[in-house]
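Trainee: Chains as they are written, first to last, in our numbering: chain A, 18 to 420; chain B, 18 to 420.
Think of the hints as simulated: they come from the structure by calculation, not from any bench. Mixed in with the good hints there might be a few duds.
Cβ-Cβ distance ranges computed for the label pairs, FRET-style [as the list claims (entries may be wrong)]:
(1) B:Arg328 with A:Asp119: 47 to 53 angstroms
(2) B:Leu134 with A:Ser116: 34 to 40 angstroms
(3) A:Ala129 with B:Glu339: 41 to 47 angstroms
(4) B:Leu281 with A:Ser116: 28 to 34 angstroms
(5) A:Asn380 with B:Glu339: 32 to 38 angstroms
Small disclaimer: the values here were computed from a predicted structure and weren't measured. Ideal Cβ positions, reconstructed from N, Cα and C, are used throughout, including at glycine.
There are 2 protein chains.
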Amino acid sequence: MPFRLQIEATRGAARAGKLITPHGEVETPVFMPVGTLASVKAVSQDTLEELGVEILLSNTYHLFLRPGVETVRRMGGLHRFMSWDRAILTDSGGFQVFSLTDLRKVNEEGVAFRSHLDGSPHFLSPEKAMEAQIGLGADVIMAFDECTEYPADAARARASMELTVRWAARCKNYFEEHKHEVPWSSHQPSAISRQEKQVLRSAQDNNRLYDNRGEAHSQTQSLFGIVQGGMDPELRRESAERTIDIGFPGYAIGGLSVGEPRELTRDIVLSTLDHLPADQPRYLMGVGTPEEIAQYAQSGVDMMDCVLPTRAARHGFLFTSEGKVSIKQARYAQDESALDPACDCRVCQRYSRAYLRHLYASNELLAQVLNTVHNLHFYLATMRTVRAWIRAGHAPAAGASQM
Amino acid sequence: MPFRLQIEATRGAARAGKLITPHGEVETPVFMPVGTLASVKAVSQDTLEELGVEILLSNTYHLFLRPGVETVRRMGGLHRFMSWDRAILTDSGGFQVFSLTDLRKVNEEGVAFRSHLDGSPHFLSPEKAMEAQIGLGADVIMAFDECTEYPADAARARASMELTVRWAARCKNYFEEHKHEVPWSSHQPSAISRQEKQVLRSAQDNNRLYDNRGEAHSQTQSLFGIVQGGMDPELRRESAERTIDIGFPGYAIGGLSVGEPRELTRDIVLSTLDHLPADQPRYLMGVGTPEEIAQYAQSGVDMMDCVLPTRAARHGFLFTSEGKVSIKQARYAQDESALDPACDCRVCQRYSRAYLRHLYASNELLAQVLNTVHNLHFYLATMRTVRAWIRAGHAPAAGASQM
């Protein structure tokens, strides 16, 4: 089955369904955990599967520097490299490069930058970013965009948006010419016999993977366009229309969470959503708290990612049904209750707040493992609740559910 | 069933059987992973169970400082605090205090020392160490000994050994008077209703635990004596005899791996084993490499512990059937093979050397998780092999197998 969003229920602007990818189906709206360097920090792939993660995000900029795209490509792409048979999305590196304020230089061709690791010089362009993402081989890849800084004046926001549109066209051109170079394409020789056996073995345990395995080899990646336009709804509309004119199988809203007030983020997201095709996936990049991801999903966003659950976990900040818990606090030192009595994750089922507090206060590695597992579970459970809420509404009219 | 070693097969000096504890049976000879601060670093209790760990070691000195014995005791003891229903052994703190060379002062009464964390002053004596270990509530606890430094002259080694013997008698006296104060004794009120429910729920999943649960409440801990005597076989013999005269349900060989040559360690272990009761557990403390633990098990040692597999893992040193692998080396950057092709652990079944090398080189937390899981599996598999080797020998004559 080709890549698509299969909408199965709607409620207001929200929709629930499945994203069909070369590496399995993904229930939407979906929260994608961030695995920057081909690993969701502190959590094994077994545990991610157990948590029900169906798609994760990895960062092209970081993988470009370590271990390098060529290494991953030779190992058969990210799926094989990290032994993850479910779906993956990579960003384009644009946002990360944008964050290197003092180390980057942008021109029409692309962005020259220095590595945050060793200061070594590198260059990314729409074509280079496509080449990198094809080599990494994620199921969904992103156009190379310029993330407009905040605040930006009208001229700067327009110029930046137009650059992103021109880059989007170059990305599509390069991608269309090279998309069959993805490491897991049937046009590529099979590289790794041991891991191949591994895939088949795990496939026997999991029909979902097996069913999709034959498909994977005859498919290619899907390239999403990114809407920019700063904080101007009119520019956002124009960016959406011109990106849609180029034509992509999905669209992202980028350039948010760059320092603007949360209300402004929300206004821009909602107004931009109105201009995105109803029958294609809509991906809001880099957002947000559990409340925010629930709200955006209810507003019609299909895909989201954020480092918040994993990063907060490593700093001892845990999301619970009773609010945020800072587990380092001494008040939990003898608290025998579960972190979140309403949570059915392995951490809340097994350990007390006192033990979690002890692990964190003692700087034990297990603190980071358990905290991350809980926070990811909380985010994934939040999205499960939203999906159930949507499905409890009305189903779309026959025929309208398929794009 | 009361605590005992049930010997089921012997081969030469080696013996295989079961250690019967208030928290389940432990197949011997056994390697005990070290969980210094009530956590085997980077590994969840679920994973330890999956690895087949039946007993782990925790350090009284470290728990004494963080989170404090009283906190653990109030939470129901170590088993409940860390949600581990299988057996636990705690050391006495003697070895750790001994390691604080510049921060300790020993006299007949005990050891005054300063915390390695904040320099705060503390005092441990035989009685204090017993009180702490009863509060922590491990199944097997250790007498408070003086670990003789290396090298030590004859007078010093004798004086130190005799101090340890006097302390052993004080430990036993205190323990016999206070052993019913263990938090999980039937004489203690049940403290934690949620965790109690948890124990019962997990017991339903695991008959082994359930079978032993009723027993646990009617039992107490078991206190082992420790043989010292430096590097003098004659002093070791005397230490063994005098400790046996005091009378313990098991005996440890301490004071080794303190800087002496490995051959000397081996000579002292072998000569000391000759003086320990054949029908009681023999515990060799803080040893060693996979080869060493296999050799000592074949020589009649029943229990061993060592930080080596877990600590080496965190530094990227991995034990394999083909020898030691330093996974940080660039030669593994594109090595698609399993870390140890002969290993059936989850890490070797799923990930390539290239991926493990990438995780380590990128300082990813998952490196420490996966490396530790593999090394522990390797140690546990080594002991399974030794047990099978012993059982492939001849069984003891009827009647001789029970103490």
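Trainee: So, for every hint listed, does it hold in this structure?
Mentor: Here is how each hint holds up against the structure:
1. In this structure, Arg328 of chain B and Asp119 of chain A break the distance hint of 47 to 53 angstroms, their C-beta atoms being roughly 39 angstroms apart.
2. Separated by about 37 angstroms at the C-beta atoms, Leu134 of chain B and Ser116 of chain A satisfy the suggested range of 34 to 40 angstroms.
3. Judged by the Cβ atoms, the range 41 to 47 angstroms given for Ala129 of chain A and Glu339 of chain B holds: they are separated by roughly 45 angstroms.
4. The supplied range of 28 to 34 angstroms is broken by Leu281 of chain B and Ser116 of chain A, whose beta-carbon atoms lie about 57 angstroms from each other.
5. Separation of Asn380 of chain A from Glu339 of chain B is about 34 angstroms and conforms to the stated range, judged on CB atoms against 32 to 38 angstroms.
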